[in-house]
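Q: Construct the complete structure from the given sequences, taking the supplied hints into account.
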Amino acid sequence: GDLDFLSALVNCTRLQMLDVGYNRLGGELPIYVANLSNELEYIYFGGNLITGSIPHNIGNLINLQSLGLENNMLTGRIPTSLGKISGLVQLYLNSNRMSGEIPADIGNITRLEKLILFNNSFQGSIPPSLGNCRFLLDLRMGSNRLSGSIPQQLMQIESLVYLYVSKNLLTGPFPKHVGRLKNLVVLSAANNMFHGNIPETLGNCLQAEEIFLGRNKFDGAIPDIRSLRALQSFDLSNNNLSGNIPEYLANFSSLENLDLSGNDFEG
1 GDLDFLSALV NCTRLQMLDV GYNRLGGELP IYVANLSNEL EYIYFGGNLI TGSIPHNIGN
61 LINLQSLGLE NNMLTGRIPT SLGKISGLVQ LYLNSNRMSG EIPADIGNIT RLEKLILFNN
121 SFQGSIPPSL GNCRFLLDLR MGSNRLSGSI PQQLMQIESL VYLYVSKNLL TGPFPKHVGR
181 LKNLVVLSAA NNMFHGNIPE TLGNCLQAEE IFLGRNKFDG AIPDIRSLRA LQSFDLSNNN
241 LSGNIPEYLA NFSSLENLDL SGNDFEG
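Start counting the sequence shown at 1; every next residue gets the next number (our numbering).
There could be a bad hint or two in this list.
Simulated restraints on C-beta separations [unchecked claim]:
| id | residue 1 | residue 2 | range |
| --- | --- | --- | --- |
| 1 | A230 | E200 | 34 to 40 angstroms |
| 2 | S159 | N240 | 32 to 38 angstroms |
| 3 | L258 | V161 | 18 to 24 angstroms |
Taking lysine-lysine pairs in the DSSO-like style, the calculated list, with each CA pair at most 27 angstroms apart, reads [as the list claims (entries may be wrong)]:
| id | residue 1 | residue 2 |
| --- | --- | --- |
| 4 | K182 | K167 |
| 5 | K114 | K84 |
| 6 | K114 | K167 |
| 7 | K217 | K176 |
| 8 | K167 | K217 |
| 9 | K176 | K114 |
| 10 | K182 | K114 |
| 11 | K182 | K217 |
Worth flagging that the hints you see were computed from the coordinates, not collected in a lab. Every residue gets a Cβ at the ideal spot worked out from N, C-alpha and C, and that includes glycine.
A: Structure below.
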């Protein structure tokens, strides 16, 4: 396979960075990747044609800060040993063919800032242990097969700026403490099966610019979001919402996209 050259790097004990991103490298990701220098801080294999799965002992790379494997053809699961890399800051696995559950061990990576898993076939529920990742800025899990409800523990991550969980099989009421996410700029939870009222506390997410909650089963009225003056896109389409459309939306000078279609509004 095209990655055979990596075997020669096993002897490079001082290797700190390995970037072969956006080439045409194919073949299976070799197991000995996990035996490369434990000085490695940065691995980037994104945008290739790599198959196989992430080595189960990837946790040997204890000094890794960034692991980028996105846009390949990887299969298999997220190894639980990733939880041993406590200093990992960025994990990009999006746009592969990975499956299985997201391991609770990810919650041990307490310095994690970016967890990017969208466009795979991950299933099972979102692990509540992610609430331990108190520095998380960017959590993207859209376009998978995740089920169950969003754990309340995610609402403890006050650093969160981007939360993407659209196009899954998520159910239950939306977490009522979403208003604790004071720094949230984008909330994308469309195309799921959430039901019940949209939480009133959504109106406390004062930094919100984009909110996508369309194609769910939300009912009741639109909560009071008159304080969300930064809002640019607001999509509640194709739910079971009712009541009046708030007049104050007319004063949102930043609003570019408003979609309330496919509901039971009156007025």
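Q: Does 32 to 38 angstroms hold as the CB distance between S159 and N240, or does it fail?
A: holds (33 angstroms)
Q: Mind checking the alpha carbons of K182 and K217 for me, to see if they're no more than 27 angstroms apart?
A: holds (25 angstroms)
Q: When you check the alpha-carbon spacing of K114 and K167, does it fall within 27 angstroms?
A: Status holds; Cα separation ~20 angstroms.
Q: Taking 27 angstroms as the top limit, are the C-alpha atoms of K176 and K114 close enough?
A: At roughly 24 angstroms apart (the allowed maximum being 27 angstroms), K114 and K176 satisfy the hint.
Q: Look at the Cβ atoms of L258 and V161 and judge whether their distance stays inside 18 to 24 angstroms.
A: Cβ of L258 to Cβ of V161: about 22 angstroms, so the range 18 to 24 angstroms holds.
Q: CA of K217 to CA of K176, is that 27 angstroms or under?
A: holds (16 angstroms)
Q: Is it true that the CA of K167 sits at most 27 angstroms from the CA of K217?
A: Since the Cα atoms of K167 and K217 sit roughly 14 angstroms apart, the hinted pair holds (cutoff 27 angstroms).
Q: Holds or violated: the 34 to 40 angstroms window for the beta-carbon distance between A230 and E200?
A: The hint (34 to 40 angstroms, Cβ to Cβ) is violated, given that A230 and E200 are roughly 19 angstroms apart.
Q: Regarding the pair K182 and K114, is the alpha-carbon distance no greater than 27 angstroms?
A: holds (18 angstroms)
Q: Would the pair K182 and K167 pass a check requiring their Cα atoms to be no farther apart than 27 angstroms?
A: Measuring from Cα to Cα gives roughly 24 angstroms; hence the hint holds.
Q: Given the hinted pair K114 and K84, is their Cα-Cα distance within 27 angstroms?
A: Holds, at about 17 angstroms.
Taken one by one, the earlier hints fail for this structure only at number 1.
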